[in-house]
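Trainee: Chain by chain, the residues:
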Amino acid sequence: MAADAAVGSIGLPAGRARFAAPATRYVAVPEDHRLLASLHAARSGDRLGFEAIYRSLAPKLLRYARVLVGQDAEDVAAEAWLQIVRDLRSFEGDWDAFRGWAARIVRNRALDQLRAVARRPVASAGAELLEDVIARDDTASAAAESISTVAALNLIASLPQDQAEAVLLRAVIGLDAKAAAEVLGKRAGAVRVAAHRGLKTLAQRLEQRSV
Amino acid sequence: MTRRQRKSGAVAETLLDGTAHDATALASLLAAARTAGQPQEVAGLDAALAAFTTSGPLAPVPHPTAAPATPRTVAGRSVFIRAGILAGGGLLIGGAAYAAVGTTSSHPDERHKHQVVEQPSAPAGGELTTGATLVHHPAGSPAAKSTATKPPKTTSPKAHQPAPRGAPTSGVSGDRGHPKHPEHPKNSIRGDNKPPD
Numbered sequence: 004m005a006a007d008a009a010v011g012s013i014g015l016p017a018g019r020a021r022f023a024a025p026a027t028r029y030v031a032v033p034e035d036h037r038l039l040a041s042l043h044a045a046r047s048g049d050r051l052g053f054e055a056i057y058r059s060l061a062p063k064l065l066r067y068a069r070v071l072v073g074q075d076a077e078d079v080a081a082e083a084w085l086q087i088v089r090d091l092r093s094f095e096g097d098w099d100a101f102r103g104w105a106a107r108i109v110r111n112r113a114l115d116q117l118r119a120v121a122r123r124p125v126a127s128a129g130a131e132l133l134e135d136v137i138a139r140d141d142t143a144s145a146a147a148e149s150i151s152t153v154a155a156l157n158l159i160a161s162l163p164q165d166q167a168e169a170v171l172l173r174a175v176i177g178l179d180a181k182a183a184a185e186v187l188g189k190r191a192g193a194v195r196v197a198a199h200r201g202l203k204t205l206a207q208r209l210e211q212r213s214v
Numbered sequence: 145m146t147r148r149q150r151k152s153g154a155v156a157e158t159l160l161d162g163t164a165h166d167a168t169a170l171a172s173l174l175a176a177a178r179t180a181g182q183p184q185e186v187a188g189l190d191a192a193l194a195a196f197t198t199s200g201p202l203a204p205v206p207h208p209t210a211a212p213a214t215p216r217t218v219a220g221r222s223v224f225i226r227a228g229i230l231a232g233g234g235l236l237i238g239g240a241a242y243a244a245v246g247t248t249s250s251h252p253d254e255r256h257k258h259q260v261v262e263q264p265s266a267p268a269g270g271e272l273t274t275g276a277t278l279v280h281h282p283a284g285s286p287a288a289k290s291t292a293t294k295p296p297k298t299t300s301p302k303a304h305q306p307a308p309r310g311a312p313t314s315g316v317s318g319d320r321g322h323p324k325h326p327e328h329p330k331n332s333i334r335g336d337n338k339p340p341d
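Going down the list, the sequences are from chains A and B.
Residue numbering for the first sequence follows our numbering, starting at 4 and increasing by one per position.
Residue numbering for the second sequence follows our numbering, starting at 145 and increasing by one per position.
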């Protein structure tokens, strides 16, 4: 298979396609144009425009928050959306910039949450604890033929923090390397390297799972 | 960068962008992670819409709070600083003037000097000049009469008091000369103040 050969050429082991194929393939440009119009409408106070951008972006932001803070992801996402609504008036930019801006808000709220959890005497599920939970999980060795979105996110969350964030921002939220670097406060090259390493690690774990 | 590394980087970018048209396990994993949102993932839509209505772009802009006590403009700060400089300068000048006046009579030695110079002695028939030398005039002489009617030029209220009986006949009432140096030139007034034999 040509695709498997291509993956193997970058050091990623060629595994069988155990995951269910997505019903709709990711098509960037037409969707972005539609959402950009919705964003302009939302900035003008249109509820339908805001609903469209919420339905498109909220699941991705929630998945990003889940990788960062685990079970507190819904609270973090809710706080982030409150800030997005409050500051939407002052935002200027296109749809890509809006996604990066929203992801940065989610990340800041998640870091606040992690700091609050660290101050709290009762142990809660922070990022490190989430990694321990995922490490105990046998997701990589599961025999399921298909994998759900949650399981895929858990596998991504098992990566080191910088690699997991880089993969999430690029593959799930859809940012390019430069926009992801702005969210993470790093250089674009560092984000690109972290994402590639994360993909390589994921491929190795999938290969171990298939053996 | 080798050709293989470039190729692997390009393949990784297609995987991350979602444009890879292959059916590998990794591509399927990433596709599962970016699937469309589930209904439970947009459960907060109603709350977000409510927030959008209350505090969204069409919400009224809150008015700024009351003006702060300290001026924030450049002109206000300039006036504030000038007023402070004027107040500080006034206090400095006033303090220096007070110190100059107060120290002239605070020290006993300094007070002694002023009394010697300014206060006249009250000897009978005597006249204290500004040079602190006592010139004796015989009683009944024109000089004695003229000086007897003139009030002495002094600023000390003690100078108006008559010398007590039995007091030494020094030039100044209560003046004992220099306390530490009997041979001090200023103490020569005492000897000059003695009535002539």
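Hint data in this document are derived by calculation from the structure and do not stem from the laboratory.
Since the structure is predicted, the reported quantities are computational estimates derived from the model, not experimental observations.
Heads up, some of the hints might be wrong.
In silico DSS-like links for lysine-lysine, alpha-carbon gap of 27 Å or less [claimed, not checked]:
1) Lys-203/A x Lys-181/A
2) Lys-203/A x Lys-189/A
3) Lys-181/A x Lys-151/B
4) Lys-203/A x Lys-151/B
5) Lys-151/B x Lys-189/A
Taking CB as the label site, the calculated pair distances span [claimed, not checked]:
6) Arg-150/B x Ala-100/A: 22 to 32 Å
7) His-165/B x Arg-190/A: 22 to 32 Å
8) Ala-180/B x Ala-44/A: 17 to 27 Å
9) His-36/A x Leu-189/B: 17 to 27 Å
10) Asp-115/A x Ile-229/B: 38 to 48 Å
Cβ coordinates follow ideal geometry from the N, Cα and C atoms, glycine included.
Trainee: Does Lys-203/A pair with Lys-189/A here, judged by a C-alpha cut-off of 27 Å?
Mentor: 21 Å, holds
Trainee: Has the hinted range 17 to 27 Å been met by the Cβ atoms of His-36/A and Leu-189/B?
Mentor: Taking Cβ atoms as reference, His-36/A and Leu-189/B lie about 23 Å apart, which means the hint holds.
Trainee: Determine whether the Cβ-Cβ distance between His-165/B and Arg-190/A falls within the hinted range of 22 to 32 Å.
Mentor: For Arg-190/A against His-165/B, whose Cβ atoms are near 30 Å apart, the range 22 to 32 Å holds.
Trainee: Decide if the proposed pair is consistent with the structure: Lys-181/A and Lys-151/B, CA atoms, cutoff 27 Å inclusive.
Mentor: 20 Å, holds
Trainee: At the C-beta level, are Asp-115/A and Ile-229/B separated by a distance inside 38 to 48 Å?
Mentor: 45 Å, holds
Trainee: Honestly, do Ala-180/B and Ala-44/A meet the 17 to 27 Å range at C-beta?
Mentor: With a Cβ separation near 21 Å, Ala-180/B and Ala-44/A satisfy 17 to 27 Å, so the hint holds.
Trainee: When you check the alpha-carbon spacing of Lys-151/B and Lys-189/A, does it fall within 27 Å?
Mentor: With Cα atoms ~24 Å apart, Lys-151/B and Lys-189/A stay inside 27 Å; holds.
Trainee: Confirm or reject the claim that Arg-150/B and Ala-100/A have a C-beta distance inside 22 to 32 Å.
Mentor: Given a distance of about 29 Å, which is inside 22 to 32 Å, the answer is holds.
Trainee: Between the alpha carbons of Lys-203/A and Lys-181/A, is the straight-line distance 27 Å or under?
Mentor: With a Cα-Cα distance of about 21 Å, the restraint between Lys-203/A and Lys-181/A holds, given a limit of 27 Å.
Trainee: For Lys-203/A and Lys-151/B, compute the direct alpha-carbon distance and say whether it is at most 27 Å.
Mentor: Given that 27 Å is the threshold and the Cα spacing comes to 14 Å, the pair holds.
Hint check: no violations occur; every hint is consistent with the structure.
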